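Read top to bottom, the protein sequences are chains X and G. Following my numbering, the numbering of the first sequence begins with 1 at its first residue and continues without gaps. Following my numbering, the numbering of the second sequence begins with 1001 at its first residue and continues without gaps.
FYI, nobody ran anything at the bench for these hints, they're computed from the structure. Just to be clear, a hint being listed does not mean it is correct.
[Said to hold, decoys possible] Listed next, with one range per pair, are the computed distances between beta-carbon atoms:
#	chain 1	residue 1	chain 2	residue 2	range
1	X	D189	G	N1218	26 to 34 Å
2	X	E209	G	E1234	15 to 23 Å
3	X	D50	G	Q1232	42 to 50 Å
4	G	F1069	X	R115	40 to 48 Å
5	X	P52	G	D1189	38 to 46 Å
6	G	Q1232	X	T98	35 to 43 Å
7	X	T57	G	Q1232	30 to 38 Å
8	X	L203	G	K1081	42 to 50 Å
[To be verified] Computed cross-link-like contacts, EDC-like style, restricted to lysine to aspartate or glutamate with a CA-CA straight-line distance of at most 16 Å:
#	chain 1	residue 1	chain 2	residue 2
9	G	K1240	X	E234
10	X	K142	X	D25
11	X	K192	G	D1147
12	G	K1080	G	D1059
All figures in this text were calculated on a predicted structure; none of them were measured in a lab. Don't be surprised by glycine CBs; every beta carbon is placed ideally from N, CA and C.
2 protein chains.
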Amino acid sequence: MISVVILGAGNVAYHLSKAIQNTKDFEVVQIFNRTLANIDPTLSTIPATDNPNDIVTADLYIIAVSDDFIDHISSLLLHKKGLIVHTSGSTSMKILKTHESYGVFYPLQTFSKSRTVDFSEIPICIEANSNEDLSLLNVLGKSLSNDVQEVSSEQRKGLHLAAVFVCNFVNHLYTIGAEICQENTLSFDVLKPLIVETANKVLTLPPSEAQTGPAKRNDKKTMKNHLKSLTQKEHQKIYKLLSKAIKKTYEL
Amino acid sequence: MISVVILGAGNVAYHLSKAIQNTKDFEVVQIFNRTLANIDPTLSTIPATDNPNDIVTADLYIIAVSDDFIDHISSLLLHKKGLIVHTSGSTSMKILKTHESYGVFYPLQTFSKSRTVDFSEIPICIEANSNEDLSLLNVLGKSLSNDVQEVSSEQRKGLHLAAVFVCNFVNHLYTIGAEICQENTLSFDVLKPLIVETANKVLTLPPSEAQTGPAKRNDKKTMKNHLKSLTQKEHQKIYKLLSKAIKKTYEL
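Bound conformation, chain X alone (with noise of 0.2 Å):
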C-alpha cells in the first residue's frame, strides 16, 4: 500500500481524497488542514491534523491548496524523504525544488463539494524531477482516470489558461443567460438543452466549425437589437467585443 498525506481541505483536496481513498493500492493516511472544522465530515475515517508537527511520513505528499499558500504549505514538508507534489494548474514545478522529489498532479476539472465527479474521465496532468517520481505519479493516475499525460509546466500554465475561457468564463456566460431569462420572466431550464447540446457539439466537431449565430452571419440588424434590449451596460460591453471577436474570425 503507498501512502498519501493531503494537504489541503478544499475542493480538489476534497474530491482527490474520496477518489484514492477508492484505489486498491494507495491509501490517505492523514488530511493536514489548519482548520479541521473545514475538513468535510464524508472524510472523517481518515485521521486528520492542524498540526505541522504532526504530520505523518509517507510515500506521498499531494498538496492541494490556493497557489498563493503552495509555498507555505511546501516548507512544513523540509524534513520530509517522500515526493512531495503540488495540484496547481498555473503554478511551476520549481516551487517544489527545495525538496529532494517533487512534481505536480493536476486534473483538470471543476470540482465543486456538492457535485459528484467520475475520476476515470478526467485529464490528469503529471510532472515530476525524477522518472521514478513520475512513474509513481503515472500509477496514481491511472488508478483514478484513463488519461493520464505527461505535461510541462509551460504546456500546463497554458491549459489552465485554456481551462479559464472553456469553463470559468463560459460559466459567467451561462449566468448571464440565467439573468436574461429572469427579466423576461422565463426559466433557465429553458436554455439547458442548448448549453448542453453546445458542449457536446465540440466533441466531434472542432469548435471553429460549430460556431453559429448573428455574429458569425455579420447580421448586424439582429446585433443592434440585442445591444437595444441588453439592460446591463456591462452585459452590452461583452455583447460587443464578442461579437466583434467571432466576426473578426470568421470574415475573409
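Following the hints, put chain G in place on chain X, whose structure we already have.
Relative to the frame of chain X, chain G by itself:
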C-alpha cells in the same frame, strides 16, 4: 394527415423537414427554396420547387430562412389560406400579420447539418394570432418534442439573446481554448471533459453557484500571469472584461 410546406433549406429547415417527416400526423408535402441545389440530398423524397408560383396548398407553411428574408418569403404566400409561421428567435410574430393565420414555431437549439439532433429534448416556443392556430402548433410541437411552451414575441426575443450568450459566445470561448491548446502543442481533446462537466454542472446548480476560477477568488497574481501569457490582444481584452465582470458579480 396535416400537410406542411417548408420554405428554406438552411440548418433549421433541414432538421425540421427531417423531424416532421418522422411524425405520424404531419407530412412535408413540399420544400421551396430559391436554389434547389441547396436542399440536402437526403430530403430528395420530398417534392421541391424553386418557383414561387408552384408552391402547393397546405395546412401549414413554415418559413425557415434568415431573418432578413422572412418578409420576402411571406410575400410569396399572400394568397395562401393555411397557417403561416416563421422559426426565428428574434423576429416578432407581427412580421406575418398580412396573413389571416400566422404564428411562430421556434425550436431553441443550435443546428448544424452534420449533427443529428434529438428533437424530443428541444424546447419549442410557439405563438399564434388565434387559439385555433396555437393549438395546431401545439400538436405539431408535441409530436416532435416533450417541451412545448407558449412564449410571447417579447419573451422570445429575450430567449434568443440569452441563447447568443450561452451558445454562440460560449462556442467562441471554446475556439479560443482550442487556439491556446494549439499554441502549447496540446490536443483540444484534453479540454473536452472540462467543457462537458461545466455544461452539466448547471443542470443541477444555478450558474452563479457553479462559478470557480481566479476571477471569482480575485486571485490577482494568476490573472496577471494569464494576461502575460496571452499572445493575442483580442484574447487579452476578453480575459480582462470577463474577469472584471465575474469579480464584480461576486465581490461583497
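Taking the hints in turn, this is what the structure says about them:
About 31 Å separates the C-beta atoms of D189/X and N1218/G, a value consistent with the hinted range of 26 to 34 Å. Under the hint 15 to 23 Å, the C-beta atoms of E209/X and E1234/G, about 20 Å apart, fit the expected range. Against the hinted window of 42 to 50 Å, the Cβ-Cβ separation of D50/X and Q1232/G comes to about 45 Å, which satisfies the hint. Taken as a hint, the range 40 to 48 Å holds for the pair F1069/G and R115/X, whose Cβ atoms sit roughly 44 Å apart.
Range check, P52/X to D1189/G: about 40 Å between beta-carbon atoms, so the 38 to 46 Å window is met. Separation of Q1232/G from T98/X is about 36 Å and conforms to the stated range, judged on CB atoms against 35 to 43 Å. Restraint check, T57/X to Q1232/G: a C-beta distance of roughly 48 Å breaks the suggested window 30 to 38 Å. With their beta carbons about 45 Å apart, L203/X and K1081/G fall inside the hinted range of 42 to 50 Å.
Among the hinted pairs, K1240/G with E234/X is consistent with the structure: their alpha-carbon atoms are about 12 Å apart, no more than 16 Å. With a C-alpha separation of about 11 Å, the suggested pairing of K142/X with D25/X holds against the 16 Å cut-off. Proposed proximity of K192/X and D1147/G is supported: the alpha carbons are some 12 Å apart, at most 16 Å. For the hint linking K1080/G to D1059/G, the alpha-carbon distance of about 9 Å falls within 16 Å, and the restraint holds.
When the structure is compared with the earlier hints, a violation turns up for hint 7 alone.
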